[in-house]
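Colleague: Throw the hints in and build the complete structure from the sequences for me.
So the sequence shown is numbered by the working numbering: it starts at 1 and just counts up by one.
Errors might be hidden in some of the hints.
As the list claims (entries may be wrong) - With a straight-line Cα cutoff of 25 Å, these simulated DSS-like cross-link-like pairs (lysine-lysine) come out:
{"no.": "1", "residue 1": "LYS211", "residue 2": "LYS173"}
{"no.": "2", "residue 1": "LYS175", "residue 2": "LYS162"}
{"no.": "3", "residue 1": "LYS329", "residue 2": "LYS344"}
{"no.": "4", "residue 1": "LYS162", "residue 2": "LYS180"}
{"no.": "5", "residue 1": "LYS242", "residue 2": "LYS215"}
{"no.": "6", "residue 1": "LYS138", "residue 2": "LYS101"}
{"no.": "7", "residue 1": "LYS344", "residue 2": "LYS16"}
{"no.": "8", "residue 1": "LYS24", "residue 2": "LYS329"}
{"no.": "9", "residue 1": "LYS215", "residue 2": "LYS248"}
{"no.": "10", "residue 1": "LYS173", "residue 2": "LYS162"}
{"no.": "11", "residue 1": "LYS180", "residue 2": "LYS16"}
{"no.": "12", "residue 1": "LYS215", "residue 2": "LYS87"}
{"no.": "13", "residue 1": "LYS162", "residue 2": "LYS138"}
{"no.": "14", "residue 1": "LYS101", "residue 2": "LYS211"}
Note that these hints are calculated values from the structure, not bench results.
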Amino acid sequence: MNEHYFSIIMAGGVGKRFWPRSRKDSPKQLLDIIGDESMINLTIKRLLKVSPLERLYIITNYHQAEMILAQNPNLSWENFIIEPSGKNTAPAIALAAAVLKKRDPEAVMGLFPADHLIQDEKDFIACLNEGVRIATEKNVLITFGIEPTRPATGYGYIQVEKEPLPDSTLVYKSKTFAEKPNLETAKRFLSSGEFLWNSGMFIWRADVILKEIEKYLPELYEIIDTLSGTMDTEMYDKTLQKLWRTIKPVSIDYGVMENARHVKVVRGKFGWSDVGSWDAVYSLEKKDKYGNVLRGDGYLLESSGNYIYSSGAQVFARNIHNLIVIADKGVILLIPRDESESIKGIVDALPV
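Modeller: Written out as structure tokens, the structure is:
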């Protein structure tokens, strides 16, 4: 891999759609949502295959950094970029880019959410390597687009040209970004063959993304540029705390990607999922002959299509169908599987 390449893991969220398991002191990325390892541990292991530990960073808040360190004794504080509070993706990415540019003016950065699942790591690494090559050679912004397997309404989409770039078999020029569609539109996207799921994973040179942020988000750039001047000095922490409060939250997609002219897309088929709801977890797990998933101690009779998780209590149920049942930390959640994305709205109304 390119000696100037750095892997950046974005790990600041709580994962409210996974309440009651996911909470402030046990966020989604630190849980074994799929399999026996935490989501962030799976992500770290995957990215260590393409960049050494000294070129891997995690951007998160101080509280989560402590929890991640407790899970990963091989990491040190040198592997963290601390953001005082969550301001969506653009400020976090701008800060990470400034840190990397200070360390290596030729830095190429790959950005990956901590809590995504990738089932075919060989194909993922091939896509990553090709993205790094293109990003190193050209002044472009690269995102990963996933070939859709169904007309999903829970993802944004990217429309790409029909043919790849002349010097690549995997990288395409982007045409448009589309918000999460309704079912009819998602079916049209799928049948066209031109639309890919927007994965929220990116590759670009640090200097290139900072120039794009300067162009499209000048107020954010000015703050990050001021911060950059204090890095490696005693003034940095105090300046970071002071200026970060003034930053307006904005996503990198809305703030930059939807406006930028030189966006390219790595087309991937590597078993990706953002694991965005309990229903998504259900779809990824092995099921019994009645379509049930049971994690924990329990027994189901005359029941089908359920996802049951219990961290301690025994769960016994009869004649229930297509439900999510979570028993954890003294809380029991029951909700229809097809409504599991609405859990975030429930949690926002609760003191959790």
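Colleague: None of the hints should be skipped; say for each whether it holds.
Modeller: Evaluation of the provided hints:
A distance of roughly 20 Å separates the Cα atoms of LYS211 and LYS173; the hinted pair therefore holds under the 25 Å criterion. At most 25 Å may separate the alpha-carbon atoms for a hinted pair to count; LYS175 and LYS162 meet this at roughly 10 Å. For the proposed pair LYS329 and LYS344, the alpha carbon gap of about 18 Å is at most 25 Å, so the pair holds. A C-alpha spacing of about 21 Å is found between LYS162 and LYS180, which places the hinted pair at or below 25 Å, so the restraint holds.
For the hint linking LYS242 to LYS215, the alpha-carbon distance of about 24 Å falls within 25 Å, and the restraint holds. The hinted pair formed by LYS138 and LYS101 meets the criterion: a straight-line CA distance of about 17 Å does not exceed 25 Å. Under the criterion of a C-alpha separation no larger than 25 Å, the hint pairing LYS344 with LYS16 is consistent with the structure, at around 5 Å. For the proposed pair LYS24 and LYS329, the alpha carbon gap of about 13 Å is at most 25 Å, so the pair holds.
Restraint check for LYS215 and LYS248: satisfied, since their Cα atoms lie roughly 16 Å apart, inside the 25 Å limit. At roughly 9 Å between alpha-carbon atoms, LYS173 and LYS162 fall within 25 Å of each other, so this suggested pair holds. Restraint check for LYS180 and LYS16: satisfied, since their Cα atoms lie roughly 19 Å apart, inside the 25 Å limit. A threshold of 25 Å between alpha carbons decides the hint, and for LYS215 with LYS87 the separation of about 19 Å falls inside it, so the pair holds.
Only pairs whose Cα atoms come within 25 Å are accepted, and LYS162 paired with LYS138 is accepted, the gap being roughly 21 Å. Of the supplied pair hints, the one linking LYS101 and LYS211 holds, its CA atoms being roughly 12 Å apart against a limit of 25 Å.
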